[in-house]
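Using the sequences and the accompanying hints, generate a full structural model.
If you want the building blocks of each chain, they are given just below.
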Amino acid sequence: MTMILDHVSHAYESGTAMQVMALDNISLVIPDGQFIGLIGHTGSGKSTLVQHLNGLLAPTSGNIYYDGRDIHDEDYPKKELRSKVGLVFQYPEHQLFEVDVFKDVCFGPKNLGLSQKEIELRAYEALKLVGIEDEYFYQSPFDLSGGQKRRVAIAGVLAMKPQVLILDEPTAGLDPKGRDEILKQIAALKAKTGITVILVSHSMEDVAEYVERLIVMNRGRVLYDDTPSAVFAHYEELEKIGLAAPQVTYVMNELAKAGFAVRTDVTTIEEACDEILRVVSSVPFE
Amino acid sequence: MIRDITLGQYYQADSVIHRMDPRTKIVGTIAFIVSLFLIKNIIGYAAAAVFLAAVILISKVPFRYMVKGMKAVVFLLLITVVFNMFLTPGEVLVSFWKFRITKEGLRQAVFMALRLSFLIIGSSLMTLTTTPNNLTDGLEKLMKPLKILRVPVHEIAMIMSIALRFIPILLDETDKIMKAQLARGADFESGNLIKKAKSMVPILVPLFISAFRRANDLAMAMEARCYRGGEHRTKMKPLRYRGRDLTAYLTLAAFVAVIVMTRRIILPF
Ligand SMILES: Nc1ncnc2c1ncn2[C@@H]1O[C@H](COP(=O)(O)OP(=O)(O)OP(=O)(O)O)[C@@H](O)[C@H]1O
Ligand SMILES: [Mg+2]
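Protein chains in written order, with our numbering: chain A, 1 to 286; chain B, 1 to 269.
Please keep in mind that the hints were generated in silico from the structure rather than gathered at the bench. Fair warning: this is a prediction, and the values are worked out from it, not measured in the lab. From the three backbone atoms N, C-alpha and C, an ideal C-beta is built for every residue, glycine too. Take the hints with a grain of salt, since some may be wrong.
Mimicking EDC-like on lysine to aspartate or glutamate, the simulated pairs with C-alpha atoms at most 20 Å apart in a straight line are [unchecked claim]:
#1 A/LYS78 - B/ASP187
#2 B/LYS179 - A/ASP180
#3 A/LYS78 - B/ASP175
#4 A/LYS103 - B/ASP187
#5 B/LYS198 - A/GLU98
#6 A/LYS128 - A/ASP180
If we take Cβ atoms under 10 Å as the criterion, some of the chain A residues that face chain B in the derived model are [said to hold, decoys possible]:
#7 GLN51
#8 SER83
#9 VAL85
#10 LEU87
#11 VAL88
#12 PHE89
#13 GLN90
#14 ASP100
#15 LEU112
#16 SER115
#17 LYS117
#18 GLU118
#19 ALA153
#20 ALA172
Written out as structure tokens, the structure reads:
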């Protein structure tokens, strides 16, 4: 189910003095099963872009195709689109409302008009996929910790069995441990289900380890769209737009400048470690 | 989708009206509304229309913004017009089936529509040209004499300014919540009334929770800054009348005088 964005632009408050060009001529192809990171400085248009993918916002100009059909065609079933392209918003507080966690996760599949049995089955599966234990099922979602709320919110969308899962800043406001846990969970989920996952973030460190493709946005445009290591090679340009490559990129580049023959395109700490050991151990002692 | 509501919205511009003391604008708006109810004939409405148009021009607020405010009450306006038109007894002009439109009814309806629209445009002009903070400052100062009657004037003003401040925030929040639920396949449009009302629950619960959380945060922040209302509190920018306010009051007095005079003109319709 390939998704195609064809010269999509979006202006907020268009036609007024306060017009903001949030997306500027964006063209992208998102094939099945990719793990994509969408990165950009605050205000670069990431949230605006992902809301186009499930038809919550309509482009001011340009077209979006899902599975070969224009999603803004009159007769395109919007509800079906939203069940296939699941979007989890930045703040879980915006969607949790039921008396207990389990019921809340049931909301999505219920809207799809499934049988009660199927609804509950899906809710159970979804909660398990995000690592929520049974003991939390009948608690109020408002009594959970920030990280748990986020998981329940993700489960609420997963229960609709989407083919594309979009997560808008799933780690915002979490401590480093909570952040790592949720990212690991998402990676595990991706490995298990094989669906397309788009991870929105403004931290390179967050996504570098997991994604296979990195889209960097700046002021409503796509600046880079490549593998993480190819994108990080532009670390100096990234800094200019308020982003930074992962720490290891800097370490490796400094080492290379200091005369060590290390590869600079590594993206994770483990890779960097191996690479440094490889180079250091090949240097003969004098 | 929900951002089109202009109630309590401020339009940034640099005009004499914007710079005027909020008290002048409040008194002016009240005087304008009262004089609307004094009007007896079409000449009076013409005078009010000229006055309103002049103030709008001076204020530099695009006319479009006033009309936007009207949209919300168009239904109310229609009902008033229809009731007045059909239910006023008098000399029959047109009649069909069970309905009769009378000359008096038609007159009533037109006048009522004019009165209501002027009222709404006039008051939205005030909110469009005055920041919420200024508005409550003005109200507080105007109501100060009520303190003798132990009315908690400062507290009322504070409550109002906080409420006004939160309107856009809560609208924004509602927009986000609606989107989050739409993304989970929620449907706010189809179905009968009961189903529609039920579909509001997933919006209202998060909205209330967020409103309470914000209120709590705000109370905490005020507490942390040792906020004490009322007595001995000074203002960073105390309100002061200037020359333009005097001009405004004089113009206003002239306007009210004109309106009162138009009452004496007797027209055949
Ligand atoms: N509802 C709106 N009305 C008007 N302008 C908006 C609205 N939402 C976003 N914008 C503007 O559009 C631009 C892009 O915003 P967007 O929320 O897509 O950025 P973002 O990349 O998601 O940022 P963040 O990292 O802070 O979430 C910003 O300049 C923002 O001010
Ligand atoms: Mg965002």
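Each hint tested on the structure:
1. Annotation: proposed proximity of A/LYS78 to B/ASP187 holds, straight-line Cα distance about 10 Å (limit 20 Å).
2. For the hint linking B/LYS179 to A/ASP180, the alpha-carbon distance of about 27 Å lies beyond 20 Å, and the restraint is violated.
3. For the suggested pair A/LYS78 and B/ASP175, the alpha carbons sit about 18 Å apart, so the restraint of at most 20 Å is met.
4. A C-alpha spacing of about 18 Å is found between A/LYS103 and B/ASP187, which places the hinted pair at or below 20 Å, so the restraint holds.
5. For the given pair, B/LYS198 sits about 13 Å from A/GLU98 by alpha-carbon distance, which is consistent with the 20 Å threshold.
6. Taking the CA atoms of A/LYS128 and A/ASP180, the gap is near 18 Å; set against the 20 Å cutoff, the hint holds.
7. At a threshold of 10 Å, the smallest CB-CB gap from A/GLN51 to chain B is about 7 Å, leaving the interface hint in force.
8. Interface hint status for A/SER83: upheld, as the beta-carbon distance to the closest one in chain B is roughly 6 Å, under 10 Å.
9. Taking 10 Å as the C-beta contact cut-off toward chain B, the hint placing A/VAL85 at the interface holds, the least distance being around 9 Å.
10. Given the 10 Å rule on beta carbons, the hint for A/LEU87 holds: about 4 Å separates it from the nearest Cβ of chain B.
11. With 10 Å as the threshold, the beta carbon of A/VAL88 comes within range of chain B, its nearest partner Cβ sitting at about 8 Å, so the hint holds.
12. Interface restraint check: A/PHE89 against chain B, minimum CB-CB distance 5 Å, threshold 10 Å, status holds.
13. The beta carbon of A/GLN90 is positioned within 10 Å of a beta carbon in chain B (closest approach about 9 Å), and the interface hint is therefore held.
14. The criterion of a C-beta within 10 Å of any C-beta in chain B is not met by A/ASP100, whose closest approach is roughly 13 Å, and the hint is violated.
15. About 6 Å separates the beta-carbon of A/LEU112 from the nearest beta-carbon of chain B, less than 10 Å, and the hint is met.
16. Because the closest C-beta pair between A/SER115 and chain B is about 16 Å apart, greater than 10 Å, the hint is violated.
17. Below 10 Å, beta-carbon pairs count as interface contacts, and A/LYS117 has none with chain B, the closest being about 18 Å; its hint is therefore violated.
18. Because the beta carbon of A/GLU118 sits about 14 Å from the nearest beta carbon in chain B, more than 10 Å, this interface hint is broken.
19. This hint holds: A/ALA153 has a C-beta 8 Å from the nearest C-beta of chain B, less than the 10 Å allowed.
20. Given the 10 Å rule on beta carbons, the hint for A/ALA172 is violated: about 14 Å separates it from the nearest Cβ of chain B.
Checked against the numbered hints above, the structure breaks hints 2, 14, 16, 17, 18, 20 and satisfies the rest.
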